[in-house]
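Trainee: Okay, here's what each chain looks like letter by letter:
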Amino acid sequence: MSLKERVLDGETLEDVEIIDAHMHLNEPPFYVPSPDWESCIKTMDKYGISRGISAPELGITCSMEEGNSEILEVSEQTDRLLPYCTINPHFPDRIGPELERCFARGAVGIKIHPAIHQVAITDERYYPVYEYASDTGKPVLSHTWGECPVSSPGLCVQVAERFPDIQFILGHTGGTFKGLQESIAAMKEKPANLTADITGSTQFLRRIEILCREVTAERVVFGSDSPWIEPGLPLGAIVFADITDEEKQLILSGNIKRLMDIGKK
Amino acid sequence: MMDLDIFDLDIMLGIPAVPLDSENGYFESEDEIAGEMDRFAISRCAVRHIYGKEYSPLRGNERLDTLDPARIEKCYTLLPQYTGEMGNEDDILEYLKKRGVKFVAFYPLTHNYSFSAHTCGPLLGLLAETDIIVLIEKNEIEYEQVYEICRHLPELNLVILGIAYRDNREIYPLLTEVENVYIGISRFCGKGFIEDTVNRFGPQRLVFSSGMPVYTPGGPITSLVYSDISEDSKRMIAGNNIRSMLGEIDES
Numbered sequence: 006m007s008l009k010e011r012v013l014d015g016e017t018l019e020d021v022e023i024i025d026a027h028m029h030l031n032e033p034p035f036y037v038p039s040p041d042w043e044s045c046i047k048t049m050d051k052y053g054i055s056r057g058i059s060a061p062e063l064g065i066t067c068s069m070e071e072g073n074s075e076i077l078e079v080s081e082q083t084d085r086l087l088p089y090c091t092i093n094p095h096f097p098d099r100i101g102p103e104l105e106r107c108f109a110r111g112a113v114g115i116k117i118h119p120a121i122h123q124v125a126i127t128d129e130r131y132y133p134v135y136e137y138a139s140d141t142g143k144p145v146l147s148h149t150w151g152e153c154p155v156s157s158p159g160l161c162v163q164v165a166e167r168f169p170d171i172q173f174i175l176g177h178t179g180g181t182f183k184g185l186q187e188s189i190a191a192m193k194e195k196p197a198n199l200t201a202d203i204t205g206s207t208q209f210l211r212r213i214e215i216l217c218r219e220v221t222a223e224r225v226v227f228g229s230d231s232p233w234i235e236p237g238l239p240l241g242a243i244v245f246a247d248i249t250d251e252e253k254q255l256i257l258s259g260n261i262k263r264l265m266d267i268g269k270k
Numbered sequence: 023m024m025d026l027d028i029f030d031l032d033i034m035l036g037i038p039a040v041p042l043d044s045e046n047g048y049f050e051s052e053d054e055i056a057g058e059m060d061r062f063a064i065s066r067c068a069v070r071h072i073y074g075k076e077y078s079p080l081r082g083n084e085r086l087d088t089l090d091p092a093r094i095e096k097c098y099t100l101l102p103q104y105t106g107e108m109g110n111e112d113d114i115l116e117y118l119k120k121r122g123v124k125f126v127a128f129y130p131l132t133h134n135y136s137f138s139a140h141t142c143g144p145l146l147g148l149l150a151e152t153d154i155i156v157l158i159e160k161n162e163i164e165y166e167q168v169y170e171i172c173r174h175l176p177e178l179n180l181v182i183l184g185i186a187y188r189d190n191r192e193i194y195p196l197l198t199e200v201e202n203v204y205i206g207i208s209r210f211c212g213k214g215f216i217e218d219t220v221n222r223f224g225p226q227r228l229v230f231s232s233g234m235p236v237y238t239p240g241g242p243i244t245s246l247v248y249s250d251i252s253e254d255s256k257r258m259i260a261g262n263n264i265r266s267m268l269g270e271i272d273e274s
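In order, the protein sequences belong to chains A and G. With our numbering as the guide, the letters of the first sequence map in order to residues 6 to 270. With our numbering as the guide, the letters of the second sequence map in order to residues 23 to 274.
Simulated from the structure, these hints should not be mistaken for lab results. Keep in mind that the hints are not guaranteed to be accurate.
[Claimed, not checked] The list that follows gives simulated cross-link-like pairs (lysine to aspartate or glutamate, DMTMM-like), each with its CA atoms no further than 20 Å apart:
no.: 1; chain 1: A; residue 1: Lys262; chain 2: A; residue 2: Glu22
no.: 2; chain 1: A; residue 1: Lys47; chain 2: G; residue 2: Asp218
no.: 3; chain 1: A; residue 1: Lys262; chain 2: A; residue 2: Asp20
no.: 4; chain 1: A; residue 1: Lys195; chain 2: A; residue 2: Asp128
no.: 5; chain 1: A; residue 1: Lys51; chain 2: A; residue 2: Glu10
no.: 6; chain 1: A; residue 1: Lys47; chain 2: A; residue 2: Asp98
no.: 7; chain 1: A; residue 1: Lys47; chain 2: A; residue 2: Glu22
no.: 8; chain 1: A; residue 1: Lys183; chain 2: G; residue 2: Glu217
no.: 9; chain 1: A; residue 1: Lys51; chain 2: G; residue 2: Asp254
no.: 10; chain 1: A; residue 1: Lys51; chain 2: A; residue 2: Glu16
no.: 11; chain 1: G; residue 1: Lys119; chain 2: G; residue 2: Glu270
no.: 12; chain 1: A; residue 1: Lys51; chain 2: G; residue 2: Asp218
no.: 13; chain 1: A; residue 1: Lys262; chain 2: A; residue 2: Asp170
no.: 14; chain 1: A; residue 1: Lys47; chain 2: G; residue 2: Glu217
no.: 15; chain 1: A; residue 1: Lys51; chain 2: G; residue 2: Glu217
no.: 16; chain 1: A; residue 1: Lys47; chain 2: A; residue 2: Glu70
no.: 17; chain 1: A; residue 1: Lys195; chain 2: A; residue 2: Asp170
no.: 18; chain 1: A; residue 1: Lys183; chain 2: G; residue 2: Glu45
no.: 19; chain 1: G; residue 1: Lys124; chain 2: G; residue 2: Glu270
no.: 20; chain 1: A; residue 1: Lys51; chain 2: G; residue 2: Glu45
no.: 21; chain 1: A; residue 1: Lys193; chain 2: A; residue 2: Glu252
no.: 22; chain 1: A; residue 1: Lys51; chain 2: G; residue 2: Glu253
no.: 23; chain 1: A; residue 1: Lys193; chain 2: G; residue 2: Asp43
no.: 24; chain 1: A; residue 1: Lys47; chain 2: G; residue 2: Asp43
[What the hints assert, rightly or not] Interface residues of chain G toward chain A, partial, derived using beta-carbon atoms under 10 Å:
no.: 25; residue: Glu45
no.: 26; residue: Phe62
no.: 27; residue: Met108
no.: 28; residue: Gly109
no.: 29; residue: Asn190
no.: 30; residue: Glu217
no.: 31; residue: Tyr237
no.: 32; residue: Pro242
no.: 33; residue: Ile243
[Claimed, not checked] Each pair of labels, with its calculated beta carbon distance range:
no.: 34; chain 1: G; residue 1: Gly57; chain 2: A; residue 2: Asp98; range: 53 to 59 Å
no.: 35; chain 1: A; residue 1: Thr249; chain 2: G; residue 2: Met24; range: 19 to 25 Å
no.: 36; chain 1: G; residue 1: Ser65; chain 2: A; residue 2: Thr249; range: 23 to 29 Å
A quick note: this is a predicted structure, and the numbers were derived from the prediction, not measured. Note that CB positions come from ideal geometry on N, CA and C, so glycine has one too.
Chain A extracted, bound-state conformation (with noise of 0.2 Å):
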């Protein structure tokens, strides 16, 4: 059976690996029913997603230091999810301690949030963060909107440029449609440096076709928000896909783990 037939019938996938590479630790700024991170795992179970790789909720609003321990003793509590640590760029001269931190205790990726700390992608409070990635090949996930003047995607190419060695996850790739289309622009401009993950509520028709057709499957990535967004929208947005289950597959989890550099569990 193809995945889109297994998951209509509502199998779990366990023969097949899941990863999702954009979540959120605890409580959201709205209504979630179970933002707790025992809960996530309930609900990754559901679907067959092995590991999550997240970003504490408090470290992208009001104390990165406590928010990203909070993720890291979440993380070695369990091995399904994995520490983005999360930088609050008001704050330069705390970034380089808290990521030596962070990354001693095994975070995988860095998180940025351009949007709610109102601090453009290119702005050089950013630069600590850019340089440690660059040095130690760790991915930035930044959050991306469309036409938005700090989180715009195009505004990555702009970095790049300057840190050639970067490799951005550009979180929604966009959010919008327009924000679909920053991003393809983006990721053509600068193929070596730049991957969409497709994670939020924005799951538009024929969305990852149009992603694998203009950017090829390569340099896409399954993520869901967890727990502001179920997972089984943008999963269903992928296996529902007119896509081949070997792109879907890549999608799904071999893409971020040849990005963030982990192996199968």
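Please arrange chain G on chain A, whose structure you already have, making use of the hints.
Mentor: Quick look at chain G alone, frame taken from chain A:
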């Protein structure tokens, strides 16, 4: 394979003034809709025409009259009767009956009127006496207006489309206070929302909606299939709630 017998309430036909781009965000023909229904195993749907929203309700409604009724139910756009553009309220009801219309949509914000009991109450009151289902987009209304309408017309079946993942704190009071409001699940997509809503309000309050041609049905289908609720509840949300409102089955 699990047969959910999906009835999709949220499909738009026609080219909007602002499509996503020149190739995406619109269906130009019935065949395109049928093709996507086949791809996503959607057995039946209600279709609106973009002319009805962005140009002329009457012209939009005419465009729906040729659709294959075996799979596609036409959803007419209505206006309140006071300006007489569609006749008086009895004319409107006759117009719907003659054409076998089972779904109607209102666009108060776009069409410059209020979805208040004062403006829409009389027409909605007549619709409440039928099996006709009212569809309305979240961005077109205020929740307070929906509350007032549905409180006074408990027999009316009103489906709100486009409720999103940050809306629970606004929509739960409405679901608590009135029993005849239903939520399309296309964008109601937070983690555990289907289970939470079913546990609080029962499976009869959610209905399947895709949001095509803008959004993919793959997401809501997958979320529904994997939701931790009974198979019967899944079938109710997928389509049986709508069939029950239409009087085609008895889900009581």
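Trainee: Each hint needs a verdict: does it hold in this structure or not?
Mentor: Structure-based check of all given hints:
1. With a C-alpha separation of about 10 Å, the suggested pairing of A/Lys262 with A/Glu22 holds against the 20 Å cut-off.
2. Restraint check: the Cα-Cα separation between A/Lys47 and G/Asp218 comes to about 15 Å, which is no more than 20 Å; the hinted pair holds.
3. As the CA atoms of A/Lys262 and A/Asp20 are separated by approximately 16 Å, the hinted pair is consistent with the 20 Å bound.
4. Proposed proximity of A/Lys195 and A/Asp128 is supported: the alpha carbons are some 19 Å apart, at most 20 Å.
5. Distance hint between A/Lys51 and A/Glu10 is fulfilled; the C-alpha atoms sit about 16 Å from each other, no more than 20 Å.
6. At roughly 38 Å between alpha-carbon atoms, A/Lys47 and A/Asp98 are farther apart than 20 Å, so this suggested pair is violated.
7. Between A/Lys47 and A/Glu22 the alpha-carbon distance is near 16 Å, which keeps this suggested pair within the 20 Å criterion.
8. Under the criterion of a C-alpha separation no larger than 20 Å, the hint pairing A/Lys183 with G/Glu217 is inconsistent with the structure, at around 33 Å.
9. Our distance criterion of 20 Å between C-alpha atoms is met by A/Lys51 and G/Asp254, whose separation comes to about 18 Å.
10. For the suggested pair A/Lys51 and A/Glu16, the alpha carbons sit about 9 Å apart, so the restraint of at most 20 Å is met.
11. Straight-line distance between C-alpha atoms of G/Lys119 and G/Glu270 comes to about 17 Å, which keeps the hinted pair within the 20 Å bound.
12. Our distance criterion of 20 Å between C-alpha atoms is met by A/Lys51 and G/Asp218, whose separation comes to about 16 Å.
13. For a cut-off of 20 Å, the pair hint linking A/Lys262 to A/Asp170 stands: about 18 Å separates their Cα positions.
14. Of the pairs offered as hints, the one joining A/Lys47 and G/Glu217 holds, with about 13 Å between alpha carbons and a cut-off of 20 Å not exceeded.
15. A distance of roughly 13 Å separates the Cα atoms of A/Lys51 and G/Glu217; the hinted pair therefore holds under the 20 Å criterion.
16. Note on A/Lys47 and A/Glu70: the hinted pairing is violated, with a Cα-Cα distance of about 27 Å set against a maximum of 20 Å.
17. As the CA atoms of A/Lys195 and A/Asp170 are separated by approximately 11 Å, the hinted pair is consistent with the 20 Å bound.
18. Between the alpha carbons of A/Lys183 and G/Glu45 the distance comes to roughly 13 Å, so the proposed pair stays at or under 20 Å and holds.
19. Restraint check: the Cα-Cα separation between G/Lys124 and G/Glu270 comes to about 11 Å, which is no more than 20 Å; the hinted pair holds.
20. Annotation: proposed proximity of A/Lys51 to G/Glu45 is violated, straight-line Cα distance about 35 Å (limit 20 Å).
21. At roughly 19 Å between alpha-carbon atoms, A/Lys193 and A/Glu252 fall within 20 Å of each other, so this suggested pair holds.
22. Proximity of A/Lys51 to G/Glu253 is assessed by CA-CA distance (about 15 Å); at most 20 Å being required, the pair is judged to hold.
23. With a CA separation close to 19 Å, the supplied pair A/Lys193 and G/Asp43 stays within the 20 Å bound.
24. Using a Cα cut-off of 20 Å, the hinted pair A/Lys47 and G/Asp43 is violated, with the two alpha carbons roughly 39 Å apart.
25. Satisfaction of the interface hint for G/Glu45 is found here, the shortest Cβ-Cβ separation to chain A being roughly 9 Å, below the 10 Å cut-off.
26. The interface hint given for G/Phe62 holds, since its Cβ lies 6 Å from the closest Cβ of chain A, which is under the 10 Å cut-off.
27. The criterion of a C-beta within 10 Å of any C-beta in chain A is not met by G/Met108, whose closest approach is roughly 32 Å, and the hint is violated.
28. Interface restraint check for G/Gly109: the shortest CB-CB distance to chain A comes to about 37 Å, outside 10 Å, so the restraint is violated.
29. Satisfaction of the interface hint for G/Asn190 is found here, the shortest Cβ-Cβ separation to chain A being roughly 4 Å, below the 10 Å cut-off.
30. Using the Cβ-Cβ criterion of 10 Å, the hint placing G/Glu217 at the interface with chain A is satisfied: the shortest such distance is roughly 7 Å.
31. Of the supplied interface hints, the one on G/Tyr237 holds, with its beta-carbon coming within about 6 Å of a beta-carbon of chain A, less than 10 Å.
32. Interface hint status for G/Pro242: upheld, as the beta-carbon distance to the closest one in chain A is roughly 7 Å, under 10 Å.
33. At a threshold of 10 Å, the smallest CB-CB gap from G/Ile243 to chain A is about 6 Å, leaving the interface hint in force.
34. For the pair G/Gly57 and A/Asp98, the supplied restraint of 53 to 59 Å holds, since their beta-carbon distance comes to about 57 Å.
35. Look at A/Thr249 against G/Met24: about 24 Å separates their beta carbons, and that is inside 19 to 25 Å.
36. At about 27 Å, the beta-carbon gap between G/Ser65 and A/Thr249 stays in the expected band of 23 to 29 Å.
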